[in-house]
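*Asks:* Sequence:
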Amino acid sequence: MFAVASLSMAFGQRVLFENVTLKFAPGNCYGLIGANGAGKSTFLKILTGELEAVTGQIILDPGKRLGWLRQDISGHESERVIDVALQGHLEVWKIQREIDTLTAKNDFSDADGERLSVLQERFSELGGYDQEQVAAEVLTDLGVSPEVHHKTMAEIDSALKVRVLLAQAVFSKPDVLLLDEPTNNLDIPAMVWLEHFLADYEGIIIVVSHDRHFLNKVCTHTCDVDYRTIRIFGGPYDVYQAQEQLAKAHRSKEANRVERQVLKLRKFVERFKSNAARSKQATSRVKLIDQLSGQKVVPSTRQAPRIIFKSGRPSGQDVIETKDLTFAYPGGEPLFRGFSTRIDRGDKLAIVGRNGIGKTTLVRLLLGELAPTKGKVTWGQTATKAYFPQEGGDLFPDKAETILEWIRRYTDNQDINTHRAMLGRMLFSGDDQKKAVGVLSGGEKVRCLLSMVMLREANVLVLDEPTSHLDMEAIESLQESLEEFSGTLVVVSHDREFIDAVASRVIVLEDGEKGPELTDWKGTYLAYREARELE
Numbered sequence: 272m273f274a275v276a277s278l279s280m281a282f283g284q285r286v287l288f289e290n291v292t293l294k295f296a297p298g299n300c301y302g303l304i305g306a307n308g309a310g311k312s313t314f315l316k317i318l319t320g321e322l323e324a325v326t327g328q329i330i331l332d333p334g335k336r337l338g339w340l341r342q343d344i345s346g347h348e349s350e351r352v353i354d355v356a357l358q359g360h361l362e363v364w365k366i367q368r369e370i371d372t373l374t375a376k377n378d379f380s381d382a383d384g385e386r387l388s389v390l391q392e393r394f395s396e397l398g399g400y401d402q403e404q405v406a407a408e409v410l411t412d413l414g415v416s417p418e419v420h421h422k423t424m425a426e427i428d429s430a431l432k433v434r435v436l437l438a439q440a441v442f443s444k445p446d447v448l449l450l451d452e453p454t455n456n457l458d459i460p461a462m463v464w465l466e467h468f469l470a471d472y473e474g475i476i477i478v479v480s481h482d483r484h485f486l487n488k489v490c491t492h493t494c495d496v497d498y499r500t501i502r503i504f505g506g507p508y509d510v511y512q513a514q515e516q517l518a519k520a521h522r523s524k525e526a527n528r529v530e531r532q533v534l535k536l537r538k539f540v541e542r543f544k545s546n547a548a549r550s551k552q553a554t555s556r557v558k559l560i561d562q563l564s565g566q567k568v569v570p571s572t573r574q575a576p577r578i579i580f581k582s583g584r585p586s587g588q589d590v591i592e593t594k595d596l597t598f599a600y601p602g603g604e605p606l607f608r609g610f611s612t613r614i615d616r617g618d619k620l621a622i623v624g625r626n627g628i629g630k631t632t633l634v635r636l637l638l639g640e641l642a643p644t645k646g647k648v649t650w651g652q653t654a655t656k657a658y659f660p661q662e663g664g665d666l667f668p669d670k671a672e673t674i675l676e677w678i679r680r681y682t683d684n685q686d687i688n689t690h691r692a693m694l695g696r697m698l699f700s701g702d703d704q705k706k707a708v709g710v711l712s713g714g715e716k717v718r719c720l721l722s723m724v725m726l727r728e729a730n731v732l733v734l735d736e737p738t739s740h741l742d743m744e745a746i747e748s749l750q751e752s753l754e755e756f757s758g759t760l761v762v763v764s765h766d767r768e769f770i771d772a773v774a775s776r777v778i779v780l781e782d783g784e785k786g787p788e789l790t791d792w793k794g795t796y797l798a799y800r801e802a803r804e805l806e
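Numbered according to my numbering, the sequence shown spans residues 272 to 806.
DSS-like mimics (lysine-lysine), calculated; alpha carbons at most 30 Å apart, straight line:
1. 645 x 793
2. 581 x 647
3. 335 x 365
4. 316 x 365
5. 422 x 785
6. 793 x 581
7. 793 x 647
8. 581 x 705
9. 519 x 535
10. 594 x 645
11. 785 x 594
12. 444 x 365
13. 524 x 538
14. 444 x 335
15. 316 x 294
16. 647 x 594
17. 335 x 294
18. 335 x 316
19. 294 x 444
20. 488 x 519
21. 422 x 365
22. 294 x 488
Calculated from the structure, these hints are not laboratory results. For clarity, every value in this text was computed on a predicted model and none was experimentally measured.
All chains, please: the whole structure from these sequences, using the hints.
*Replies:* Structure (structure tokens):
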């Protein structure tokens with residue numbers, strides 16, 4: 272059994288949740304959702320014992336193992352990739368280390384021999400002799416190639432580190448598996464593998480994710496962190512959404528009913544407060560008014576930014592054309608060979624492919640930030656572009672600069688009221704606009720960059736991973752705005768539901784015998800996946 276009882280958590284005066292009691296059952300996958308900052312990661316840390324709740328207890332049956340993937344990828348820098356993955360089964364890992372220590376001793380005693388025999392027997396019972404092979408297979412399935420398994424963590428990039436730690440969490444199949452944003456830095460092939468793995472999982476899974484397609488694929492239940500509580504809904508995210516819409520309508524109806532009742536009671540009191548015969552009735556209604564008016568209304572933590580892209584002056588029919596586009600980095604093999612295509616006004620194009628295959632490179636070639644090795648890229652004369660970069664850190668060089676100062680520097684419009692209004696729409700109101708950009712979270716920086724893109728009112732949007740770090744409400748607002756956008760869109764994303772909604776055409780980058788091969792698919796990504804039987 273895995274459960275929480277009477278759990279409450281607060282940081283100072285800020286209450287995340289109060290008196291939460293939940294029970295989790297084996298074979299179920301619980302999607303933990305909520306706005307950024309609502310307390311999802313905090314809840315997972317409480318479950319693991321890393322944080323202590325203000326009140327309440329965690330109940331886990333004796334002998335049951337718990338594995339988890341943190342958002343924090345620091346640590347393990349001096350350790351080999353394969354060893355980090357193996358630490359997912361801590362008992363096996365510790366036994367292996369002790370066996371290695373004993374067998375390396377020069378003064379090996381009889382007592383050491385007896386201890387070694389006990390350790391080897393337990394190691395065999397736990398399947399320890401197969402663990403390295405199993406861990407290596409999981410790493411490879413998650414896109415960590417065998418060539419890096421014996422490198423140290425310091426030698427690989429942060430995206431691969433996330434995959435290594437994910438492999439650590441899942442490979443030993445613990446009884447309770449906690450995953451905090453497991454799809455971050457995963458490309459679509461790795462996500463599909465993870466979905467299949469979790470679908471067959473016999474233990475308890477609690478997963479935090481903002482990827483709606485992933486949640487709908489793997490979750491049997493949804494845990495909503497909001498209104499200072501955590502509620503479990505039966506079904507995946509789409510089912511939760513339908514149930515929550517009904518609950519919202521009920522809450523609104525109930526609030527209106529109470530408001531009408533209070534108004535009616537006040538009219539009665541006003542009419543009969545001076546009437547001696549009915550003064551007791553008036554007094555009792557005053558108490559009832561106080562009772563109804565004093566009902567505690569806990570606000571939702573959810574807020575949706577108002578994202579609206581205006582395209583300004585329309586472009587001509589021809590927006591971007593590539594002819595015989597070939598590109599290679601110095602000393603490397605060509606990433607693209609002879610790629611020719613045309614993007615017309617109104618096209619909404621998604622670029623998809625595994626991590627590292629060259630999606631961002633293709634975007635930078637289209638934008639003119641990189642020069643082709645061969646061929647050319649031509650833009651229409653009336654096309655104006657706004658670019659959202661995948662790595663936007665370079666656009667925040669002055670860490671002491673306020674958000675308002677930052678947005679004024681990166682836009683031509685000098686009307687400060689326009690800037691204030693735009694930031695307000697993106698949930699930066701009042702003093703938030705004076706916050707230094709150096710302390711912003713990933714989601715806040717994305718909202719700043721989207722503000723910049725909106726203010727440019729370009730007729731061509733080029734967006735590289737715009738949904739990263741955004742919560743559900745922001746992703747859905749962005750998606751709706753791009754669906755309604757009248758201009759031309761080029762977007763890179765691993766979010767399948769987002770791509771399916773906004774793109775009517777897809778360029779797919781896949782590994783070929785001589786490097787990446789580009790498929791220009793005139794249709795939705797869902798149709799492409801169905802045609803290729805990718806899911």
